[in-house]
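Visitor: Protein sequences appear in the order of chains W and Z.
Start counting the first sequence at 73; every next residue gets the next number (the numbering used here).
Start counting the second sequence at 73; every next residue gets the next number (the numbering used here).
Hints are computed from structural coordinates only; laboratory data are not their basis.
It cannot be assumed that every hint is accurate.
[Stated by the list, open to error] Derived pair list, reagent style DMTMM-like, types lysine to aspartate or glutamate, alpha-carbon separation capped at 20 Å: (1) Z:K77 - W:D345; (2) W:K185 - Z:D86; (3) W:K170 - Z:E409; (4) Z:K170 - W:E90; (5) Z:K266 - Z:E327; (6) W:K77 - Z:E123; (7) W:K453 - W:E496; (8) W:K166 - Z:D86; (9) W:K77 - Z:D86; (10) Z:K188 - Z:E123; (11) Z:K170 - Z:D372; (12) Z:K185 - W:D86; (13) Z:K185 - Z:D198; (14) W:K170 - Z:D381; (15) W:K128 - W:D337; (16) Z:K166 - W:D420; (17) W:K135 - Z:D381; (18) Z:K170 - W:D86; (19) W:K222 - W:D420; (20) W:K185 - Z:D142; (21) W:K185 - W:E123; (22) W:K77 - Z:E409.
Protein chains: 2
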Amino acid sequence: MSQVKPQVLKGFRDYLPEVMAPREQMLNTVATVFRSFGFAPLATPALEYAEVILGKYGAEGDKLLYRFRDNGDRDVALRYDLTVPLARVMGQHKHLLKPFRRYQIAPVWRAEKPGKGRFREFSQCDVDIVGSSSLLADFECMQVGVAVLKSLGVTKFVMRINDRRVLDGLMARLGVTTTDLKHEILRSIDKLPKVGWDGVRDELATKIEFNASQLAAIRKFLNGDISALDDSVVDMEVAGPGIESLNTLLSWADELGIRSYFEVDLSIARGLDYYTSTIYETFLTELPEFGSVMSGGRYDGLLSLFSKDDMPAVGISLGVDRLLAGLQELGVLPESEAAPQVFVTVFDNSMEAYSIRVASVLRSYGLRVQLHLQPGQKLGKQFKAAARSGANAVVIAGPDEMASDCISLKRLSTGEQHDGVALESAAKVLSTWLTDSDEDT
Amino acid sequence: MSQVKPQVLKGFRDYLPEVMAPREQMLNTVATVFRSFGFAPLATPALEYAEVILGKYGAEGDKLLYRFRDNGDRDVALRYDLTVPLARVMGQHKHLLKPFRRYQIAPVWRAEKPGKGRFREFSQCDVDIVGSSSLLADFECMQVGVAVLKSLGVTKFVMRINDRRVLDGLMARLGVTTTDLKHEILRSIDKLPKVGWDGVRDELATKIEFNASQLAAIRKFLNGDISALDDSVVDMEVAGPGIESLNTLLSWADELGIRSYFEVDLSIARGLDYYTSTIYETFLTELPEFGSVMSGGRYDGLLSLFSKDDMPAVGISLGVDRLLAGLQELGVLPESEAAPQVFVTVFDNSMEAYSIRVASVLRSYGLRVQLHLQPGQKLGKQFKAAARSGANAVVIAGPDEMASDCISLKRLSTGEQHDGVALESAAKVLSTWLTDSDEDT
């Protein structure tokens with residue numbers, strides 16, 4: 073009919089079932105872990121008043137907004153992240169109990185230049201605690217991050233932690249006072265794992281002229297562990313509370329037997345300006361090139377945008393698509409629930425009702441069952457359709473089977489066949505096959 | 073800081089945790105049922121080329137689009153439903169195996185006048201089978217609808233089914249040939265449950281002058297059951313296949329022991345123009361005023377919008393928010409997972425590490441545990457915070473408890489308290505309490 077070309081916009085994409093099924097399973101697991109820590113789900117509109125969103129991400133960010141006038145001539149924009157909507161929610165719904173612990177998993181939109189792994193529509197998965205200044209809240213977020221990865225079957229990863237106040241202590245020692253320059257330097261330091269010390273030094277040189285002793289202090293800072301920090305490297309009055317807080321976090325991790333997942337890394341600075349103390353990034357040990365799959369920190373202040381109340385906050389954000397790609401690469405993706413487990417053939421038109429009943433009985437045992445929808449088709453073709461569907465087993469339910477209220481079962485991977493299996497015993501045979509195939513993979 | 077008022081756009085809303093938590097649980101259950109029938113999840117972009125979406129819903133629909141020019145001056149629009157994107161997917165991704173069974177749960181946007189229960193952003197939950205003309209596919213969709221409601225704990229409901237061809241048989245008998253008039257009449261007939269026969273007759277009179285025998289035929293049609301239909305009421309050549317198909321569907325329902333959930337209702341016409349044969353709507357017996365919570369039918373043709381291939385299709389769509397409200401009204405909403413089950417107090421600053429460990433151990437047993445984040449607070453205040461959190465039980469973990477690696481437990485509903493419970497036995501006590509409280513509610 074229509075001559076319109078079926079295509080998506082540049083930077084947008086469909087998630088077809090083969091991708092969407094494991095993605096949905098992953099997010100279900102993640103949400104279950106979030107809930108076990110007392111976090112509850114929140115959803116906010118995709119579209120907000122532009123003034124709610126504008127001016128929070130700097131001029132750069134504002135340029136990337138999908139902003140337009142709606143039919144009522146309102147100035148509106150698609151959300152750019154999940155943090156500003158959270159600030160709006162905290163300002164608008166005054167009755168919410170604090171500390172407010174919420175998670176939100178939802179798409180955001182940014183009109184960025186699309187590139188490898190960079191899309192204009194992508195999902196964010198944020199968990200935050202609003203209204204607590206306690207370091208316990210920081211640790212809850214770090215713990216939830218560890219628990220999420222473990223629950224997804226990832227065993228080798230490291231969460232690199234740092235504290236903005238320790239970085240501030242360095243700045244104070246270096247005599248850097250302007251915010252802009254501070255952020256420039258943080259951005260350079262943040263690149264240490266990528267470009268090494270020489271790279272950092274060269275990049276710093278383009279921004280400010282440090283003398284030899286200053287450069288030595290920076291180098292010692294980036295190489296050293298926190299116990300080695302003293303007034304020769306950082307202003308201890310500024311950095312002290314940060315060092316103490318990092319030590320406490322590590323002692324708690326020790327207490328829980330999860331110390332090995334954490335590492336202090338003074339080069340971690342986080343790009344965003346709003347962090348105030350604890351910051352962390354998480355790397356898969358076997359896939360460092362993937363970058364951080366889970367990052368965040370404490371950002372007291374940002375959530376008071378729409379409120380006169382004090383809104384200390386700490387959170388951690390999971391890179392959904394990056395982590396999914398990582399799980400795939402590591403081979404720990406759960407068996408996809410996109411494919412049926414059992415394929416029920418339809419012998420001929422007169423046998424439709426029996427096949428319907430068989431499918432229904434098998435589903436009642438919790439199996440994912442696909443019923444073949446071309447009853448006229450030769451059995452050979454139906455078997456081919458079964459193989460294409462990804463099912464592990466095929467059911468034949470012909471007149472002979474119906475006469476004795478049973479079915480024949482064929483296992484596709486091995487060709488093994490059981491004839492005349494009573495309907496109520498079928499689920500047992502099938503689940504043995506399915507368990508075996510889980511072990512194979 | 074900012075003077076911006078924290079508010080959402082008219083017709084938009086936040087889902088705060090108290091609403092979002094049961095909603096998310098409901099949709100998880102629904103998705104599990106979908107998967108058991110071999111359906112797999114699909115996601116498509118919120119934003120599409122306007123030409124993909126335009127012209128599919130008539131002039132009325134086009135007016136309701138959120139349509140604008142993006143930063144690259146492309147003519148774009150937010151999706152209006154999940155059916156046109158499905159048609160686009162079928163046209164674009166030629167490799168997808170047919171029959172293609174997918175579900176999609178996602179928001180859509182319509183610039184309608186907001187009203188009670190009518191929002192500009194709302195979720196659709198669609199399950200469809202594309203590429204099968206078999207009546208088996210229609211029955212799969214009806215069955216999945218029944219299975220969804222049963223899995224949500226709804227026992228009293230009826231799915232009213234009809235067939236467009238039976239309605240066409242009536243039109244043929246009445247001599248109505250123009251599509252517009254046909255749809256006008258269908259829309260009047262559809263109102264039977266609301267306005268009764270007199271209302272339908274009066275509304276018909278404003279559109280076309282029927283003679284007494286025509287009116288008698290319509291009345292007999294609307295009152296009668298399908299076995300009473302003959303050439304005096306409908307053109308049997310047109311209606312015959314529809315009647316036969318309804319009978320087959322009912323016989324299959326009989327075979328599965330779910331016949332009582334179905335009722336043929338010849339007044340069901342469905343507002344939308346694109347249905348071609350089977351149609352159905354589902355009503356909660358105790359809440360008829362809620363309207364249909366689950367509707368759909370066969371719509372061969374619509375999905376060929378972007379393809380030269382034949383795309384017979386059948387589906388069922390669940391009214392997410394309406395059904396959620398229904399479950400709440402019926403009192404069958406599952407216990408909300410928004411609230412923690414256990415609240416762990418923090419005796420004082422020196423006891424933080426022990427409380428962290430206690431929370432972690434309890435979480436490892438699958439409990440939802442909230443750790444108190446104001447360690448300095450008096451225990452009385454912490455207990456108040458526990459009560460507000462909705463938790464069932466409070467944990468006290470002071471120095472005495474730590475000395476013997478145990479905790480004290482208090483049940484909030486009864487005041488019952490167990491002191492000196494070994495950490496590894498605590499989960500047992502707690503789950504007894506939680507099971508009891510499930511039975512209470």
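Visitor: Is K222 of chain W within 20 Å of D420 of chain W, Cα to Cα?
Guide: Judged against 20 Å, a Cα distance of about 49 Å means the pair is violated.
Visitor: Mind checking the alpha carbons of K170 of chain W and E409 of chain Z for me, to see if they're no more than 20 Å apart?
Guide: Measuring from Cα to Cα gives roughly 18 Å; hence the hint holds.
Visitor: Hey, K166 of chain W versus D86 of chain Z, does the alpha-carbon distance stay inside 20 Å?
Guide: Given pair K166 of chain W, D86 of chain Z holds - Cα atoms ~13 Å apart, limit 20 Å.
Visitor: Is the straight-line distance between the alpha-carbon of K170 of chain W and that of D381 of chain Z 20 Å or less?
Guide: Violated, at roughly 56 Å.
Visitor: Hint check: K170 of chain Z vs E90 of chain W, CA-CA at most 20 Å. Holds or violated?
Guide: Holds, because 14 Å separates the two Cα atoms, which is no more than 20 Å.
Visitor: CA of K185 of chain W to CA of D86 of chain Z, is that 20 Å or under?
Guide: Cα-Cα ~30 Å, so violated.
Visitor: Mind checking the alpha carbons of K166 of chain Z and D420 of chain W for me, to see if they're no more than 20 Å apart?
Guide: 29 Å, violated
Visitor: Given the hint that K170 of chain Z pairs with D86 of chain W, does the C-alpha gap stay at or below 20 Å?
Guide: 18 Å, holds
Visitor: Against the 20 Å threshold, does the CA-CA distance of K77 of chain W and D86 of chain Z hold or violate the hint?
Guide: Outside the cut-off at roughly 36 Å; violated.
Visitor: Given the hinted pair K128 of chain W and D337 of chain W, is their Cα-Cα distance within 20 Å?
Guide: 28 Å, violated
Visitor: Regarding the pair K170 of chain Z and D372 of chain Z, is the alpha-carbon distance no greater than 20 Å?
Guide: Holds. K170 of chain Z to D372 of chain Z sits at ~14 Å (cutoff 20 Å).
Visitor: Within 20 Å, alpha carbon to alpha carbon, are K185 of chain W and E123 of chain W?
Guide: 24 Å, violated
The structure fails to meet hints 1, 2, 5, 7, 9, 10, 12, 13, 14, 15, 16, 17, 19, 21 and 22 from the earlier list, while all remaining hints are met.
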